[in-house]
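Those sequence lines, one after another, are chains A and B. Residue 61 in the numbering used here sits at position 61 of the first sequence; the count goes up by one each step and never skips. Plus 619 on top of the position in the second sequence (first one is 1) and you've got the numbering used here.
Because the hints were derived from the structure by calculation, they are not lab data. Each residue gets a CB set at the ideal place from its N, CA and C atoms; glycine is no exception. There could be a bad hint or two in this list.
Here are the simulated lysine-lysine pairs, DSS-like style, with alpha carbons at most 30 Å apart [as the list claims (entries may be wrong)]:
(1) B/LYS832 - A/LYS282
(2) A/LYS419 - B/LYS752
(3) A/LYS495 - A/LYS296
(4) A/LYS432 - B/LYS832
(5) B/LYS752 - A/LYS282
Covered by chain A, per the in silico footprint, the following chain B stretches (three or more residues, Cβ under 8 Å) [to be verified]:
(6) 680-692
(7) 838-852
(8) 892-904
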Amino acid sequence: MTRAQRSLYIWLGLAAVLIAFPLLAPVLPLQPTIGMDIPHRFAGPSAANWLGNDEYGRDVLSRIIWGARASLAVAFGSAFCAAVIGTILGLLGGYFRGITEVLAVRSTEIVICLPPLLLAMLVITILGAGVLTLTVALTILFVPNYTRVVYAATLQTGGLDFVKAQEAMGTHPLKILARTVLPNIVPPLLVQFSLTVASGILLESGLSFLGLGVVPPAPSWGLMIRAARAAMDQQPLLLLWPSLALAGTVLLLNVICDRLQDVLSPKTAARGGAAWLRRQIKRTPDAPAPEVPLLKIEDLSVGVALEQGSMGLTKGIAFEVKPGETMALVGESGSGKTLTGLAMTGLLPNALSVTGGHAWFRTEAGVVDLAALTEEEFGPLRGNDISMVFQDAAAALNPVHRIGDQLAEIIQCHRPMPKQQAEAEVVELLRKVGIPDPERRIRAYPFELSGGQRQRAMIAMAVANAPKLLIADEPTTALDPTIQAQILRLFAKLKEDNPGMGVIFVTHNLAVVKEIATHVSVMYAGQVVEQGTVEEVFADPRHPYTKALLASVPESDAERLESIPGTVPQPGAMPEGCRFAPRCGHAAAACAAPQPLLDTGEGRTTRCLRWADLWKDVA
Amino acid sequence: MLRYVALRVLIALVLVWLVSTLVFLVLHLVPGDPAELLLSAGNTAPDPEAVAQLRSQMGLDRPVLAQYAAYIADLTHLDFGVSLRDQNPIAPELALRLPRTLELILAAAVIASLIGVPLGTLAAMRDGGWSEKLVSLLASAALSTPVFVVGTTLVLVFAQWLGWISAGGYVPLAEDPLRHLSLLAMPAVTIALPLTAVMIRMTRASVLEVLEKDHVRTARAKGLARGPIIRRHVVRNALVPVITVLGLEMGTLIGGTVLVEYVFNWPGLSGYLVRAVEARDYPEVVGIVLVISFLFVLLNLLIDITYAVLDPRVKLAK
Ligand code: SF4
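Using the sequences plus the hints, can you model the full thing?
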């Protein structure tokens, strides 16, 4: 039994105990609910009358228990009748569609346009007050809720294969409905039922309170509150008891409904909200900052926090970017290249965090460790010294703000200036990234731009404050080939305009690497496996994985490499030794030990201990 | 935008017509003779003479279609007929009381938004923390306590015990603005309470969803501080679904108004309605129910338009 189920049963049990009182009222030793006992008017709680006596001297406790019968009878009665009628209408409408659908489903929806209490009052005007009238009125009110829920569920189940199969076998439609569809709509019906019972109790007591529901002297919570209101200066406690009973019952029903929903559709989303909103403890650096020209990543690891502990996703990433260089991080999806980019800017998704290593970065104020900054400390750096271009510009731009405002925001955030001046700068920026008619385009919303233009706007945003380091995460992947080529040319042009800017370009596309990057780090299963200049790595790969990558149609745009047999190992099941070993044609006994990144001279590294042998093979 | 608004207005008009038809049908769908039903009380059969008189008075002796045509024709120039009790025309009474009810609803909606949205946002930002648990608990309690219990308790505490404000009543704004507002406060707060709870729950869910969106990460990548991110890129986007729910909740809200006006003696539509239902004055009840339902449709129309202003994509879709 899960926690959610246990919780539901506890609440249901409590409800059952409470319901037992009104159900057993006739056999409980309760005092009479009608009649008068003038000497005991407004008497407070006593041994004989635990909750005291009301304005006629009647026992409050027994009136509350008997009053529950009225509320529950009306609420359960109308919820049940409405469930039966609504289910039938919803089933018919959802299963047979066409004209039945219009008659059964659409017609009931008009009822929803009428405020619930009003419809009930209309019915009461015609039929006169009383328990029966109330039940009729509430039934009419609740039918549409059930019809809608059942209709939606029936549409879903109706399309399922096993229903279709029965249809094909010539089973009578009514039998199909009863046997296969009905059981499937039970969960939403249960939720609806608990909702309508709560709402029925509220409406019944409300109408009785107005004097339009249960007819006195029969007890009802609404009537008791009505009477207590008139006498509240004499005995305020009389107001308390029925109010508590009423609010408590509705609260109980609402809690049961919530628990029911938890059990029926368990929420998968992790609780805890956004990690970046939580207070972060400032970390003291555990190593002195080295002198770095721009960026030096040392032994950086990212892990995901799980219930069983943390699981490593990337391990020991290391590379360096000097001003003016473009480092390509290349690998299949799942290699950890995007995570590495996000870790450097503190933008990792909620459950993920940096578990070790450093990312030294030179700022005006000296060298800082990007892997140890808090959200506050990141503020002045992000969008100013380091900026990012994301893969999916359509999602990365805020849909409800104009392009111009979103760009002006990043400028004004780091360089406060009047709105007009920022706007002029935005127009210039958009012109620079090749968006036609920028004076008008700044008024446009993201959805009004083409995919290519959105990515251009995204890039304009990233270079708005002339960053020292630009991290581009698959910026061309979502675009079609002609646009891709244009965007790559744009990056090259921006590089010319700002020659000191370092770029990290995350991609899976080797053709893109060749066109845009000066250096490359090949990533596999969360590790860097080979590094060097683009020219040298492409001409002379020193890791079997790189070699296979280059061999497998460099022009191809596939996210996964089909031409290398086997698959990338899952994060939880990494081989002890070389992570590429299961797919490597050159694997030897020594490969079963963990592989360090080996220096192969000329500033190049590889994570393959057999690289020299293999190199000789080629030579 | 203009086309969108025109379409929404058209839909609203169709809804008004459908609701009017439904209200007309209720009397005729209930089994039994309408005039007899309206005069019946308990098990005693009504006086046949009175039944005949009521029948001719309400035009029930004409064919149903003719009745319907006359009913709709009257409605098009806002003629709601005359009361059965005193033969007074109903429309002027409605016109007098409608603004007072409207004022209550608007005040409650403003209070609920001003409290519900920030608290809901807070609950989402502190998801799982003690402040979120406290806010959620308060919201559940507010949703489970009927408005008339809340109203009566407020009267007991603030009027009877503390004596800060009078228990209820109404003074026109022009006569004494301060007193008008002080009398408005308690009923408005009472109606606002459950609505605030709904706003809190919705805002929380909606903010949690928006926080997961890519554009929030972009906002962080820009280097914006928490405040502007939450205001401009989270709450602003989260409001769109919240507004929709506000529209759906209007029905319950307006229903709640009936009880609250009664508790605080606020001379809006509901005191009138309660008396009309007690007297079983059918034309009056129909008039009030129709006016409130039209109001409901109108408010939803306004919400649809707000929706389009908040989310530019809406204008093009649908
Ligand atoms: S270390 Fe061994 S298994 Fe790994 S890539 Fe080199 S040869 Fe292949």
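_Unsatisfied constraints (hint numbers, rising)_ = Per hint list: 2, 6 violated.
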